[in-house]
Structures are given as structure tokens and as C-alpha cells.
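*Asks:* Chain by chain, the residues:
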Amino acid sequence: MALRKEHDVHKRRSGLNKGVGISLAAFVVLIMALTMVKVTSNSFKFPDAQGEQN
Amino acid sequence: MSDASINASRAYEDEASFGDYFALLKPRVMSLVVFTALVGLLAAPVPVHPVVGFCAILFIAIGGGASGALNMWWDADIDKVMKRTKSRPIPAGKIEPGEALAFGLALSGLSVIMLALAANVFAGAFLAFTIFFYVVVYTMWLKRATPQNIVIGGAAGAFPPVIGWIAATGSMSVEPWLMFLLTFMWTPPHFWALALFMRSDYDDAGVPMLTVTHGRRATRVHILFYTVLLAVLAVGTAFSGIGGPIYLAAALVMNALFLHGAWKITRRDEDDSEADNFKVERSFFKLSLLYLFLHFGAILAEALLKPYGLGGW
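Chains as they are written, first to last, in this note's numbering: chain A, 183 to 236; chain B, -19 to 293.
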């Protein structure tokens, strides 16, 4: 039998689903910020540029 | 209401919430990991970009949490026996052991790889070693095999400041190992004081704590012995590169109080402790939390004041 829209299981799982969703969104933002910091730092070099130097 | 719907309703009540998964990470232990790793990172003589520093601390914390989840997976059988741990998510029936194992392994891999990418490979490798040490060496091997379990296993909880330092510098030196030793030597008196007033828990679970194998008198003497060694180390650290007048003042006050507490524990017998429901042992345990917090707080203060010409000697 299909679950009704307002079934109790939806309420019980909504907290877990929201928590996972917020965690994943925060992880994406964090990786984005980390990438920006890494590629804008003075020590950053593209792999090709490193290869040419070698 | 049919039997099937009653059973389904009960099953939903036992479903894990987000908080149950978070509890698998041992948030209290994680707070110690975060704080000591942060001090290790900021006390290092190399400036770190705030975003990189934040990521490093976050992934060290997640790695520490992952090892906590793996610890709960392995120890589920004894956790359900002990009062202190029987409400944890696995013995409470909220999370299946297999789920905790998968959760712990996934977060371990994620934290190690992300720390290696965010900071450096050395820091990532050291975090992997720390997880291995806590889960395999301490949880699977030593905890149920020897009364020295927390002495050697305490090393796992002492590694975070070293990882924080490596995340900042990419290398090792004496100072992070002094922070390591501070936590390492602090762990035995801290846990043995807990074991003194949680005696029946470890007895029931068959964990060979010193109180069970060598008796309570020997445990009290061991607490004093380790506290004396800790005091020498803690005050000596004041004259290293991470020390200074603030740290020295904090160390002198806290070690005097800690030694006094250990001395009182040693002088008491079981009748005294039973009479006041382990008042001295409980207050020593609480003091031990403040002890570690103030020592690392003082190291942090010295590091933060250095740019203004105030920290250090």
C-alpha cells in the first residue's frame, strides 16, 4: 500500500533528510571556498606549467 | 489498529534521527579534538589561510568522529551493559551496527582524503594513522586485553594537536610533541578517576580497567604517580617555544590544584569514598577537564599574543 502524503514516516524522516541536505550543501560551499583559496594563492601553478618547468 | 500497523509504528519510533548519527561521532570527545587541534594549528610558526585552517580542523574533527563511530560499532556488546553507554545509538536500537561501520569507514576515508587535499599529504596520513591507532590498536586490541589500555590508547586522543601543527607546517618539531605528551599523560588520571566512581560499569562489561585488575588502592596510587609526572612535564613545557609567562602562571596554579586532588584521592580509602559518594574523585574528574582546557588555552593565548610582542619569553 502506498504511503499517504501526510504519513507519520514523512515527519520522522524529515529531520534526517534536512540534516543530510544541509550537510551536503555546506560541504559543496566549503569545497568551493577551498578551491577559490587554493587557485588564487601565490603558490598555485597549473599542472602544465609545472611540467614545462621540469 | 492491526498488529502490522502497530509493529510499523514501533519500527518508525526506533528510526534513527540526524541527532543519532551525530551522537555516533562522540561530540564531547570531538570538542576536545577540535580545541587541541586548533591550538596545534595556531601555535605553529606558519600562518594558515583561515579557510584552509577551518577545513583542516573540520576534517580532523570528522576523522575523530569517524573513529568514534567505529569504536561504537566494535564495542556495541559492552556498551549495552554499561550504564554510561547503554543509551548510545547502537545499544538503544536506533542504528544497526553495520550502518555505524559503513558510516565510520565512509567518514574516515572522506576526512583523510580531504585533509590531505586541504592541508598536505603528511597531515592526511597522520590522521589515517590516528584513526587506525584508536580503532585497531586501542578499541580492538588493548581495551579488552590490558589494564594499561587507556595509558597506551590515550595516545590516539593526544594526536590532534600534532595533526594541527603538521597541517600548518607540513613538518614535525618538538613543540607539537610536548602538546601530545600533555594530553597523553593527562589521560590516565582523568579516566582512572572516572573508573573509581563508575566501578560497576567496567566490572559488568569485563573491561580490564586498573580498578578491576589491580584493585582500587593501586589505582589511587597510579593516579598520584601519573599526576606527578604530568606536573613536571606541564610546568617544563612553559620554558619551550610554545610556553611563556601566561602558560607558566596557568600551569603552576592548575598543577598545584591537580596534585592536591591526586594526593587527597590517594589518602582516601573506600569507606571514605562510599560515605560521600566519591565526592573527591568526582571533583578531581571535573578539575581534570578544566586542567586540560586551561593548559591548551594558555598555549593558544601565548600564540595569539606573539604578533603583538607579548606572547612567549
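Just so you know, the hints here were simulated from the structure itself, not pulled from any lab data.
Glycine included, C-beta positions come from ideal geometry on N, C-alpha and C.
Take the hints with a grain of salt, since some may be wrong.
[What the hints assert, rightly or not] Here are the computed distance ranges between Cβ atoms for each label pair:
id, chain 1, residue 1, chain 2, residue 2, range
1, B, 244, A, 195, 49 to 57 Å
2, A, 209, B, 255, 27 to 35 Å
3, A, 196, B, 77, 19 to 27 Å
4, B, 77, A, 200, 40 to 48 Å
5, A, 229, B, 25, 26 to 34 Å
6, B, 293, A, 197, 47 to 55 Å
[What the hints assert, rightly or not] According to the in silico footprint, chain B covers these stretches of chain A (three or more CB under 8 Å from chain B):
id, segment
7, 190 to 197
8, 202 to 215
[Claimed, not checked] Over 12 Å on every C-beta distance to chain B, these chain A residues come out as not near it, computed from the model:
id, residue
9, 227
10, 228
11, 229
12, 230
*Asks:* For which of the previously enumerated hints does the structure constitute a violation, in increasing order of number?
*Replies:* Of the numbered hints, 2 and 4 do not hold.
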